[in-house]
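Engineer: Residue strings, one per chain:
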Amino acid sequence: GAVVSQHPSWVICKSGTSVKIECRSLDFQATTMFWYRQFPKQSLMLMATSNEGSKATYEQGVEKDKFLINHASLTLSTLTVTSAHPEDSSFYICSARDHRAGGTGELFFGEGSRLTVL
Amino acid sequence: AQSVTQLDSQVPVFEEAPVELRCNYSSSVSVYLFWYVQYPNQGLQLLLKYLSGSTLVKGINGFEAEFNKSQTSFHLRKPSVHISDTAEYFCAVSGAAGNKLTFGGGTRVLVKP
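Protein chains in written order, with this note's numbering: chain V, 1 to 118; chain R, 119 to 231.
The set of hints was computed from the structure by calculation and includes no laboratory data.
None of the hints are false.
Part of the chain V face toward chain R, derived, beta carbon under 8 Å:
1) PHE34
2) SER43
3) LEU46
4) THR49
5) ILE93
6) LEU107
7) PHE109
8) GLY110
9) GLU111
10) GLY112
11) ARG114
Think of the CB as a built atom: it goes at the ideal place given N, C-alpha and C, for glycine as much as any other residue.
Taking the hints into account, I'd like the entire structure generated from these sequences.
Structural biologist: Structure below.
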């Protein structure tokens with residue numbers, strides 16, 4: 001199946017700094033990627049839809065200036081958490097749709113990135 | 119708008135016993151339905167999906183699910199669980215016209231020896 005890779009898997013940063021998380025589709029091109037956030041023992045909440053070559057579409061309540069998303073190529077989307085604070089600590093998961101699978105809606109997920117802000 | 123309800127937040131089960139995880143959805147359009155499994159500190163792995171056709175869907179690791187349109191349900195079952203099935207399971211729905219997934223709250227399965 002299609003492979004999606006995230007980096008880093010774990011990151012610890014100081015409050016006020018910015019952190020970038022990368023999401024790559026390794027063996028397919030993804031014009032659309034999705035970023036989810038998962039708090040401990042909770043479900044995944046969609047943050048934004050990342051579209052290659054255009055601005056991301058953010059879900060209601062997600063601060064676009066805080067969570068910067070860039071989708072500069074067909075295989076890479078990045079999420080930058082700017083001026084991170086402890087409440088931003090979470091598990092961030094990206095996913096991508098393999099267009100070869102057709103319009104089935106199936107998404108392939110990255111391994112996730114755990115952010116801890118001290 | 120779509121929503122997914124997983125009725126059980128936790129399901130303890132003994133090894134080699136059967137398990138059923140319940141999922142109900144609501145949607146105003148045709149739906150595609152999915153079950154994903156998440157192991158600790160990992161992403162999600164697709165267990166199975168319903169797109170159309172037969173309402174009984176078989177997936178990986180011995181799991182199966184049945185789509186019931188009248189009851190708007192998509193329950194997941196496994197006849198005999200293993201210790202390695204201990205994980206979080208998520209039911210999800212996407213509309214036919216788009217690819218955003220809406221997830222249920224998840225069900226934590228704990229398999230006891």
